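Peer 1: What follows is the residue order along each chain.
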Amino acid sequence: MELPADVKKKLTLPFEEHFYAGHTACQGCGAALGLRYVLKAYGGKAIFTIPACCSTIIAGPWPYTALNAPLFHTAFETTGAVISGIEAALKAKGYKVKGEDGIMVVGWAGDGGTADIGLQALSGFLERGHDALYIMYDNEAYMNTGIQRSSSTPYGAWTTNTPGGKKHFLEQRPKKKVIDIVIAHKPAYAATASVAYPEDFMRKLKKAQTIKGPAFIQLFAPCPTGWRSPTDKTIEIARLAVQTAYFPLFEYENGKYKINMPSPNKEPKPLEEFLKLQGRFKYMTKEDIETLQEWVLREWEELKKKAEVFG
Amino acid sequence: MPKKVVSGNYAAAYAVKHARVEVVAAYPITPQTSIIEKIAEFIANGEVENLQYVPVESEHSAMAACIGASATGARTFTATSAQGLALMHEMLHWAAGARLPIVMVDVNRAMAPPWSVWDDQTDSLSQRDTGWLQFYAENNQEVYDGVLMAFKIAEHEKVNLPVMIVESAFILSHTYDVVDMPEQEEIDEFLPPRKPLYTLTDFENPFSVGALGTPADYYEFRYKIAKAMEEAKKVIKEVGKEYGERFGRDYSQMIELYRTDDAEIVFMGMGSLMGTVKEAVDILRSEGYKVGAAKVRWFRPFPREELYELAKNVEGIAVLDRNFSFGQEGILFNEAKGVLYNTDARPIMKNYIVGLGGRDLTVNDVKAIAKNMKEIIEKGKLDREIEWYHLKR
Ligand SMILES: Cc1ncc(C[n+]2csc(CCOP(=O)(O)OP(=O)(O)O)c2C)c(N)n1
Ligand code: SF4
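Quick note, the sequences are listed as chains A and B, same order.
Numbering follows the numbering used here, in which position 166 of the first sequence is assigned residue number 166; successive positions increment by one, without gaps.
Count along the second sequence from 1, add 1000, and you get the number used in the numbering used here.
Calculated from the structure, these hints are not laboratory results.
All values derive from a computational prediction rather than experimental measurement.
Using N, Cα and C, we set each Cβ at its ideal position, and we do this for glycine too.
Any given hint could turn out to be false.
Claimed, not checked - Pairs of lysine to any residue residues, derived as SDA-like cross-links and limited to a Cα-Cα distance of at most 25 Å, are as follows:
hint : chain 1 : residue 1 : chain 2 : residue 2
1    : A       : K212      : B       : Y1053
2    : B       : K1234     : B       : V1178
3    : A       : K212      : B       : E1057
Claimed, not checked - A few chain B positions that, by computed beta-carbon distances, are all more than 12 Å from chain A:
hint : residue
4    : V1117
5    : G1213
6    : K1237
7    : G1338
8    : K1379
9    : L1382
This is chain A alone, in the form it adopts within the complex:
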């Protein structure tokens, strides 16, 4: 479809779709939205590797595919290794990898497949310096198997294996800072992003395309099904995650940190605004909420310090 010139001018994202209707995500799925932006960013000229996760299903069963790009489905814990192999093969065969006209090698994995079972392969990929992009879409639990905790699940969240009950058994551990583990590898590029801020995400995807070496993006991707949230609140929740500094957007490049959002000079919104839209937090007591709020602000201060010192 050709757009009128004035409409085209207003577009801040590429108009072309490479992620097709007919995918099988739930309504309001943040992961599906994220995948759509990645495909837009690379115009379909990316090789995707997807391990066991919701996106296995979202992409569609055989013989269908919702992606207008080659896609390799792989085992749960192998994303980092498979993209390493793809990149090595492209090099051996003389293809151009990355850059405007090169091939993007993209790993697209959930938080479980990244922060837990796939952490070793991720580490190997980063440490060996392969020219590829690893995106962890973070829906903060194992959704594909029916909402079990991952190490990326926040303190106080209900999941099916941290249920809230009479004895008050909710997730007791803070959210693992995968991005810090990634940055410890001194990768070429690492960033957090959110489906609520597509222009920021797109810019980061473009950055990952031009930079040489391994890139990692942790994408905040709400899951209405697992978070027990209304399907029309995905963007609002994702936006609040940033505004409350629960999930700040920042970049790490050449040893330097840069905070994108929220502004380091402003007080973040109260965390409760983010929590109250989601059924998964409804069992939290007042003290639980305070504990989480404290943790969020402490982490936020730490990030601001890093940006100050290594800015």
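Take the given structure of chain A and dock chain B with the ligands to it, following the hints.
Peer 2: Leaving out everything else, chain B with the ligands in the frame of chain A:
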């Protein structure tokens, strides 16, 4: 033809070089390491072009990286042993399911505990249901020839399945022997560049590999692999014959028969121990025993037809298993017996469990086994079906 005195591991590494492999992803484990060290040396010395070496962080990732590379169209190789192979297990299924012609050398090594680095076939035989073809080498020459043929067989349009070339720990991997290596041009003629079934670089016609197969489709995917395995038997014979015509060593038989023509008793087994068995056969023959040897080269696909032809004409088969399936019996014995059940070829069969964890099987042992088999045949009755031959009493 150039000859080199090399270890089994170096023979494998030279074959990788001569096959013009494009990606190697591997992780070290004794006694496999000198294969990947040698390959790294080839790269460091500029002896190979366009070979990417990925020093992965585990065997699971080694196979995963090989899978990614092979799906991108590259000729891909790895090597491992025992614990490493076991760690790869999930991805072995993946390689076969995604129809990727990866070639791997497994150096047979006993599984721990107790720790052992010595020869034992249980590691590779535990992987028998993963959809990999399996070739057991008797000597260094067969390791070299096996790897070269493996690529041609694996990449054949009717096969598209991964192949495992198996060699014995130390007995082959670290023992030097003369190996004939054809000229590079001759090998290039035998093994042209890979023409992949699919590659992930197809942006014009993008597709997905390995998407969810519902009960309406999964079944047929499996049937196709089963069929490819059957086809592989023909391909193995064709390629083995061509190899013989070009390079003088014929591999058209999936079971190599040694002096079996008029044999009453046949020793059956796989891998390096069959070298000892052949020597024992010569001695036993000179002593008047009508014995022969049947070396099973290919365990997957299993040479059912060849086994039947052999079994028709012998009175007893002694199956020597350097492996064991707990709760059952030796794995080759189990398979061979099963194949013959529905046929009219029913020689007496006895299972000798030998050499686990690298214990030596000597010519004298084979002679003793021959005597035992002869007695059994004369009586027409087994003393026992499974004998742990080496057991200390
Ligand atoms: C080795 C292995 N263990 C367990 C599973 C089962 N499994 C499939 S997807 C999944 C959870 C995926 O969670 P995550 O990576 O967070 O992605 P999400 O489904 O939330 O998008 C699990 C446990 C598996 N496929 N493979
Ligand atoms: S369960 Fe959550 S992540 Fe999975 S498809 Fe549904 S909304 Fe998306």
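Peer 1: Look at each hint and say if it fits the structure.
Peer 2: Verification of the supplied hints:
no.: 1; hint: A:K212 / B:Y1053; result: 19 Å, holds
no.: 2; hint: B:K1234 / B:V1178; result: 30 Å, violated
no.: 3; hint: A:K212 / B:E1057; result: 22 Å, holds
no.: 4; hint: V1117; result: 24 Å, holds
no.: 5; hint: G1213; result: 5 Å, violated
no.: 6; hint: K1237; result: 31 Å, holds
no.: 7; hint: G1338; result: 31 Å, holds
no.: 8; hint: K1379; result: 53 Å, holds
no.: 9; hint: L1382; result: 45 Å, holds
Going through the hint list in order, the structure does not satisfy hints 2, 5.
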